[in-house]
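Asks: Given next are the chains, with one letter for each unit.
2 protein chains.
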Amino acid sequence: MVSSPGGEFEFWFDFGSCYSYLSVMRIEGEAEKYGARVKWRPMLLGPIFRALGFQNAPFVIQKEKFAYVQMDMARECRKYGLPAWNTPSVFPRLGVLPLRIVLVGAEETWVGAFCREVMHRNYALDQDINEPEGMKVILDALHLDSRGILAQAGSEEVKNELRERTERARVLGVFGAPTFFVGSQMFWGNDRLEDALQEASRGSSSRS
Amino acid sequence: MVSSPGGEFEFWFDFGSCYSYLSVMRIEGEAEKYGARVKWRPMLLGPIFRALGFQNAPFVIQKEKFAYVQMDMARECRKYGLPAWNTPSVFPRLGVLPLRIVLVGAEETWVGAFCREVMHRNYALDQDINEPEGMKVILDALHLDSRGILAQAGSEEVKNELRERTERARVLGVFGAPTFFVGSQMFWGNDRLEDALQEASRGSSSRS
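Top line first, the protein sequences correspond to chains D and B.
1 is the number of the first residue of the first sequence in my numbering; add one for each residue after it.
1001 is the number of the first residue of the second sequence in my numbering; add one for each residue after it.
Incorrect hints may have been included.
Unchecked claim - Capping the alpha-carbon separation at 20 Å, the derived lysine to aspartate or glutamate pairs in EDC-like fashion look like this:
# : chain 1 : residue 1 : chain 2 : residue 2
1 : B       : 1065      : D       : 191
2 : D       : 39        : D       : 8
3 : D       : 79        : B       : 1194
4 : B       : 1065      : D       : 133
5 : D       : 79        : B       : 1195
6 : B       : 1065      : D       : 195
7 : D       : 65        : B       : 1195
8 : B       : 1079      : D       : 194
9 : B       : 1079      : D       : 167
Stated by the list, open to error - To spell it out: a stretch of chain D is covered by chain B in this simulated footprint if at least three of its residues, at any positions, have a beta carbon under 8 Å from a beta carbon of chain B; those stretches are:
#  : segment
10 : 52–66
11 : 70–84
12 : 178–188
Just so you know, the hints here were simulated from the structure itself, not pulled from any lab data.
This one's a predicted model, so the numbers in the text were calculated from it and none came from an experiment.
Just so it is clear, CB atoms sit at the ideal spot from N, CA and C, and this is done for glycine as well.
Please construct the entire structure, taking both the sequences and the accompanying hints into account.
Replies: Laid out in structure tokens, this is it:
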């Protein structure tokens, strides 16, 4: 066990997850309040759900819960000042390409802004988030080298890394998103973001 | 649609549900802060889960989620100043008798204190909550007519009422506990208690 430096905490998410949307939009602002630093941990929820025996997100399969989540998301979007909730026409939307881009930019200052733009595209604009054209628009608007980043995102190395991260999430016991880790302490759900940040700001010990 | 009088809101729960435990312990204190009034709505989660195709609570079946819930409950109990969390030796524990007693006392001032004692017995003392002796101890300590209340709780009328309430919950779209209703607005989970209370204090319109 070593001590976790500077209030770092891990944020495991997928762009297709609507509760990850809430956390992506809030996380940098909230982390700043607590003096904590986000470690971006993209993962693919699909393989995680399948490893747990589900063909899709449990609440998408269960129609009663799905109906509730629509009401809940509408209220949560109001609570956090986000655009009015409309269930995207494709839900959950596949976002493999932007997850790979997050791996390219995980240590860069632009990663938070990039993630917010992808989420906005999915949940406010109801647009595809898995094709290069849309990602290029976002990267260009952030004044980034979109061509270079997209090339890196398409490399075998980055593709493998996303698969490895997903497998790592599964081994850590992740079963949904968003999930936060402060050292070995796991926190599931956007509702636990503040608790995770409080734990991170206490300078918890890490897993290793 | 008629206006909901005096900030009333419905609290649907089962004594076997650990997140209902958190809400039972908090609800009267929180409701008072918001000037809202709790309508106690006991239900049996077992038939609801079975109607949805589950043999038990979804998180009990899914071992990854069950492991997480133990961590989460430990933190939540600390957060709310409750005794240290230990998974009860029987989980979820059947509590049909105390649910029937809640129906007997639903409009009485003692119902909140009774529910807290039952939850304490289940989650802090790890004791059976489904036999008359234990319920008698609780009712006697509250200076109530335990013999009369237990007789009423065992009547066919009350037994039927609990079955009807459970069916009503299912029809309303309840899929877990605790669930709060403010008029037709449904809020699921202890994490949404404050949101439900805020809605209740705004004087929302009711379902009928």
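Asks: Each of the hints needs a verdict: does it hold here or not?
Replies: Hints, one by one, checked against the model:
Taking the CA atoms of residue 1065 of chain B and residue 191 of chain D, the gap is about 16 Å. The hint holds against a cut of 20 Å. With a CA separation close to 7 Å, the supplied pair residue 39 of chain D and residue 8 of chain D stays within the 20 Å bound. Restraint check: the Cα-Cα separation between residue 79 of chain D and residue 1194 of chain B comes to about 12 Å, which is no more than 20 Å; the hinted pair holds. Restraint check for residue 1065 of chain B and residue 133 of chain D: not satisfied, since their Cα atoms lie roughly 38 Å apart, outside the 20 Å limit.
Between the alpha carbons of residue 79 of chain D and residue 1195 of chain B the distance comes to roughly 10 Å, so the proposed pair stays at or under 20 Å and holds. Restraint check for residue 1065 of chain B and residue 195 of chain D: satisfied, since their Cα atoms lie roughly 18 Å apart, inside the 20 Å limit. For the hint pairing residue 65 of chain D with residue 1195 of chain B, the CA-to-CA distance comes to about 18 Å; that is within 20 Å, so the pair holds. At roughly 12 Å between alpha-carbon atoms, residue 1079 of chain B and residue 194 of chain D fall within 20 Å of each other, so this suggested pair holds.
At most 20 Å may separate the alpha-carbon atoms for a hinted pair to count; residue 1079 of chain B and residue 167 of chain D exceed this at roughly 32 Å. Counting residues of the segment 52–66 of chain D whose beta carbon lies closer than 8 Å to any beta carbon of chain B gives 5, which meets the minimum of three for the stated coverage. Residues of the segment 70–84 of chain D with a Cβ under 8 Å from some Cβ of chain B number 4, which satisfies the need for three, so the listed coverage holds. Check on the segment 178–188 of chain D: 4 of its residues sit with their Cβ under 8 Å from a Cβ of chain B, so the three-residue criterion for coverage holds.
In the structure shown, a violation is registered for the earlier hints numbered 4 and 9, in ascending order.
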